[in-house]
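Can you build the whole structure from these sequences, using the hints too?
2 protein chains.
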Amino acid sequence: MISEVTVSVPPKMADETFFLFARAADRVLKATDRLLAPFEICHRHYSVLLLIADDEEWSQTRLAKTMGLQKTRMVALIDMLESKGLIQREPNANDRREYKVILTETGKRTVKEIRSSFNKQRPSYLRELSGAETQEINRLLGRTIGPAVCQNDL
Amino acid sequence: MISEVTVSVPPKMADETFFLFARAADRVLKATDRLLAPFEICHRHYSVLLLIADDEEWSQTRLAKTMGLQKTRMVALIDMLESKGLIQREPNANDRREYKVILTETGKRTVKEIRSSFNKQRPSYLRELSGAETQEINRLLGRTIGPAVCQNDL
DNA sequence: TATTGTTATACTCTATAACTATA
DNA sequence: TATAGTTATAGAGTATAACAATA
Numbered sequence: 036m037i038s039e040v041t042v043s044v045p046p047k048m049a050d051e052t053f054f055l056f057a058r059a060a061d062r063v064l065k066a067t068d069r070l071l072a073p074f075e076i077c078h079r080h081y082s083v084l085l086l087i088a089d090d091e092e093w094s095q096t097r098l099a100k101t102m103g104l105q106k107t108r109m110v111a112l113i114d115m116l117e118s119k120g121l122i123q124r125e126p127n128a129n130d131r132r133e134y135k136v137i138l139t140e141t142g143k144r145t146v147k148e149i150r151s152s153f154n155k156q157r158p159s160y161l162r163e164l165s166g167a168e169t170q171e172i173n174r175l176l177g178r179t180i181g182p183a184v185c186q187n188d189l
Numbered sequence: 036m037i038s039e040v041t042v043s044v045p046p047k048m049a050d051e052t053f054f055l056f057a058r059a060a061d062r063v064l065k066a067t068d069r070l071l072a073p074f075e076i077c078h079r080h081y082s083v084l085l086l087i088a089d090d091e092e093w094s095q096t097r098l099a100k101t102m103g104l105q106k107t108r109m110v111a112l113i114d115m116l117e118s119k120g121l122i123q124r125e126p127n128a129n130d131r132r133e134y135k136v137i138l139t140e141t142g143k144r145t146v147k148e149i150r151s152s153f154n155k156q157r158p159s160y161l162r163e164l165s166g167a168e169t170q171e172i173n174r175l176l177g178r179t180i181g182p183a184v185c186q187n188d189l
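Protein chains in written order, with the numbering used here: chain D, 36 to 189; chain C, 36 to 189.
Each hint should be verified, as a subset may be incorrect.
Identical chains blur together in the list; that is why a pair holds if it fits in one copy or across any two.
[To be verified] Here are the simulated DSSO-like pairs of lysine-lysine, each with C-alpha atoms no more than 30 Å apart in a straight line:
1. K106 <-> K143
2. K47 <-> K65
3. K100 <-> K65
4. K135 <-> K100
5. K106 <-> K65
6. K155 <-> K135
7. K155 <-> K106
8. K147 <-> K47
9. K119 <-> K47
10. K47 <-> K106
Bear in mind the hints are in silico, worked out from the structure with no lab data behind them.
These figures come from a predicted structure and were not determined experimentally.
Next comes the structure, spelled out in structure tokens:
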């Protein structure tokens, strides 16, 4: 046996931001998916539900850009949510190429249920951070995403 | 047209940690891959190179666990790096089931080149953070990853 | 029995191009 | 001519089960 298996971050990787992001995002998104499993959706579906949750108007393309996905990927996401009766495509009279994506009544109820479920069981990855630290990492993540993520930035 | 496309983080998502992680990690890892493109490897390969860069001993399984990948995925990663002459599988006399994964001379040179390239062009996602903020996000990411990410934690 | 490296397989995700209907 | 939604397709990535060699 070569050596004891280390599962935590090796000291030499403690300042490799890209490595930390790969590990942390994987943990956070998997944990989120487990919390969402009872609702039979994953974190991407939940993002769509949250984005359209107030009565703002969202097209599929705008959803895709905001989530950093390609519009072609959004189709299947929306299809799935529609087949579960959580959202609805509504024709947009102003521009008949577009759809407005809106929550159904079931969708609104589901968002509330998920929100209350998330408030009850604080996910493990946040349990290790204080409230102030959670706010701080959210702020830094927002700065990392930046104001406009273009296709070819370094 | 429904409305102007917003590419930055919508205010209502500013505290949805999972959403921020999805967007930020995507940006960071894609930017890292672009910086690594001249070396014809991606961020995962670079993680392997960094982990084995000093003379510590690493088996494929240990690499997989440390990177949060399955051992089955590590095989192709190691195959690729070996075919490019950057690393070498060396039989481990103490346990003949294992290989020691080590850098070749070319591999050592490549790691140095990448390090110096990364020092020259600071990636855009870090450009928006100060040195102190970069240290802070690295620390918080480490805490997020936690001491031992098990398979079924919430 | 359990573990290391490996193959095979199926499934999801991603990237790209192209089509249609509208603008 | 450009854009929204869509389809098709090929390539990565992921998850799972199984196997041979070794412990």
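Outcome of the hint check:
1. K106 <-> K143: within (24 Å within a copy, 41 Å between copies)
2. K47 <-> K65: both (25 Å within a copy, 22 Å between copies)
3. K100 <-> K65: Result: close both inside a copy and across copies, 22 Å intra and 16 Å inter.
4. K135 <-> K100: Classified as within: same-chain Cα gap 15 Å, cross-chain 44 Å, threshold 30 Å.
5. K106 <-> K65: both (23 Å within a copy, 18 Å between copies)
6. K155 <-> K135: Neither: 32 Å inside a copy, 46 Å across copies.
7. K155 <-> K106: neither (34 Å within a copy, 35 Å between copies)
8. K147 <-> K47: between (43 Å within a copy, 15 Å between copies)
9. K119 <-> K47: between (46 Å within a copy, 24 Å between copies)
10. K47 <-> K106: Between copies only: 21 Å across, 39 Å inside.
Checked against the numbered hints above, the structure violates hints 6, 7; every other hint is satisfied.
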